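2 protein chains.
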Amino acid sequence: MAVTLADVAKRAGVSSATVSRVLNGNYPVAARTRQRVLRAVSELNYVVNAYARALAVNMSDMLGVVVNDVSDPFFGLLAGAIQGEASREDLLAVICNTGGSPVEELRYVELLLRQRTRAIVLAGGCVDDADYLTELAGLIDQAASAGTRVVLCGRPPIEGARAVTLNFDNRGGARSLTRHLLAMGHRRIGYITGPPRHSTTTERLQGHREALAQHDVPWDEGLALDGGAFDRERGWEAAARLLALPDRPTAIIGANDSIALGVLAAVRESGLQVPKDVSVAGFDDLPFGLDAYPSLTTVRLPLLDAGRRAGRIAAGLDQAEPGAVSTIRPELIVRDSVAGPAS
Amino acid sequence: MAVTLADVAKRAGVSSATVSRVLNGNYPVAARTRQRVLRAVSELNYVVNAYARALAVNMSDMLGVVVNDVSDPFFGLLAGAIQGEASREDLLAVICNTGGSPVEELRYVELLLRQRTRAIVLAGGCVDDADYLTELAGLIDQAASAGTRVVLCGRPPIEGARAVTLNFDNRGGARSLTRHLLAMGHRRIGYITGPPRHSTTTERLQGHREALAQHDVPWDEGLALDGGAFDRERGWEAAARLLALPDRPTAIIGANDSIALGVLAAVRESGLQVPKDVSVAGFDDLPFGLDAYPSLTTVRLPLLDAGRRAGRIAAGLDQAEPGAVSTIRPELIVRDSVAGPAS
DNA sequence: TTGTAAGCGTTATCAC
DNA sequence: GTGATAACGCTTACAA
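Residue numbers (full-length UniProt numbering), protein chains in the order written: chain L, 1 to 343; chain W, 1 to 343.
Check each hint, because a few of them may be wrong.
Identical copies go unnamed one by one, so any copy, or any two together, can satisfy a pair.
As the list claims (entries may be wrong) - In silico SDA-like links for lysine to any residue, alpha-carbon gap of 25 Å or less: (1) K10 / A146; (2) K10 / G147; (3) K10 / L38; (4) K10 / A144.
Don't read these hints as lab results, they were simulated from the structure.
Just so we're clear, the structure is a prediction, and the values are computed from it rather than from any experiment.
Taking the hints into account, I'd like the entire structure generated from these sequences.
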């Protein structure tokens with residue numbers, strides 16, 4: 001079995017309390033005693049048992065981060081930034097993958113609650129389902145009363161829940177992107193959404209529609225396709241359908257960059273050119289957009305920044321009132337995939 | 001404070017032992033008693049304390065995954081796959097970011113050892129430094145004697161360490177890539193390496209040199225540039241230097257796809273065309289290579305597969321002898337970024 | 001400055 | 001079937 005504090009104490013000829021004091025350095029210990037203890041520790045290769053420690057102090061040194069998919073750079077960037085801040089406080093950031101499933105998300109939150117993590121960060125948008133949200137609100141409540149901070153990063157606040165929210169202004173970002181296309185002269189703009197009943201999907205589509213309305217462009221149901229997911233595959237499929245339309249759009253917006261990548265591929269494969277024949281735009285500004293062909297016009301979300309802020313609040317480095325909501329502004333990034341429509 | 005087993009027991013009018021039995025379902029409990037207990041649990045919103053539990057059973061339900069950088073899809077894919085398998089066994093996978101620093105890596109391994117995780121997966125190549133490796137070997141030894149499995153995924157085995165190794169055949173992959181370029185007629189092939197003294201860097205460069213030697217192409221030191229890191233930036237810089245050479249190469253290989261992306265950009269910005277003027281190739285086959293322009297010829301590493309295998313071993317789903325080493329074969333992926341040299 | 005001993009919240013081993 | 005009770009490995013009053 002593993003070496004315990006008692007083993008070290010015996011070897012050093014002191015009490016286990018003394019060993020604990022040496023290791024934590026929070027009480028005075030004679031220099032010679034300290035030496036002996038430290039020697040015993042290294043001779044035995046002693047490693048504290050985080051469980052026993054956490055049980056005794058009733059406080060863990062972990063911080064939970066729940067994301068849809070670490071292999072998606074959107075979440076990878078967010079998670080990495082959060083972990084960077086956690087590490088400053090010597091906290092271990094646990095990153096959990098839900099695969100986008102609300103059920104898995106709730107399961108992970110419960111798992112993290114069991115671990116008595118210092119904080120839980122829920123990153124990325126979420127499904128807009130009443131049952132799920134009330135259940136989540138319940139868990140957040142439990143977390144709060146157990147002293148576990150909860151940070152919502154990149155999703156809307158939950159009514160009445162004691163969580164700090166850092167939301168992206170998806171609506172505003174989508175509005176400015178669509179405005180840009182309108183200003184370039186586009187009137188028939190295709191739009192491919194993300195997963196249905198998802199906060200990010202809804203907010204971005206709303207912004208798009210608002211911009212159209214502001215410019216008196218009538219809403220055409222047939223131009224807005226349900227992508228079903230935030231991935232390249234779905235972007236490709238939906239774009240193929242849009243391009244097959246008798247009166248095809250002069251521009252296509254993907255609800256995120258991955259979808260837009262699929263659109264780019266579909267346009268290319270149909271023998272048309274971007275942006276000459278069809279303009280394409282995305283959302284998020286993930287690194288690969290720069291190397292896409294043509295480089296992708298998109299809306300930049302400051303993910304690193306947002307992740308850092310969320311991480312600091314979670315790690316207790318920054319104060320934030322439970323219930324506080326702040327909004328992070330996106331920025332329009334104009335590149336080569338958008339031009340005026342062919343006249 | 002948080003609700004404890006004793007609180008539940010009091011409320012249900014039973015002993016805490018009974019509550020534990022109901023929750024774990026490993027002993028017979030009368031149906032009526034069970035009902036009462038379950039009601040109390042839900043009324044009080046009881047959540048087990050994983051620390052106390054782990055302390056009592058001397059076994060945690062976590063699994064550690066150590067990577068360089070979650071926001072890099074290479075690691076994201078690996079980590080995601082590992083976590084997927086862990087989750088089948090109801091294990092919580094803790095993903096830790098080292099940022100490529102051996103010091104951080106050792107720190108995280110120690111942190112995970114404290115948590116008494118069931119297993120630790122070290123993913124991705126590592127620095128080839130004797131001190132670091134002996135220290136790591138020591139930690140692996142401690143892990144082994146504490147019953148923590150260690151899996152090395154995507155890095156060379158450590159001599160004598162009780163860890164299971166799943167390595168990529170980087171040398172073989174690089175060899176087949178360079179052979180492909182040679183077969184297309186290239187003789188002046190630029191090569192941009194990853195970070196110095198890094199297992200992946202070394203193995204891939206070795207394979208490249210072997211292929212050159214097999215085809216009697218003399219080794220030209222001036223064509224192999226030290227990228228310094230596996231990123232786009234470095235690829236761009238090194239490529240710019242190669243392109244400025246009086247007798248510039250007809251093809252450039254990046255030690256990974258990110259470097260190759262930088263090369264693509266540098267070639268484009270220098271007014272040359274890929275593959276007409278310069279061919280470009282990468283390594284890893286990350287998703288973005290498909291959307292690069294032109295689409296990237298590369299060497300495919302089955303990351304998802306490798307991650308799954310590592311995850312299954314770590315989670316105890318698959319048996320593997322400590323010390324076992326297996327090699328994962330890469331596959332050449334031919335796309336549009338490579339053509340014959342302009343004659 | 002150091003040792004003793006009482007928790008921390010579970011599980012597991014006995015009895016009954 | 002169920003209830004006491006002793007671990008599990010650590011921290012921290014309280015004594016000495």
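Hints violated by the structure (listed by number, smallest first): No hint contradicted; all consistent.
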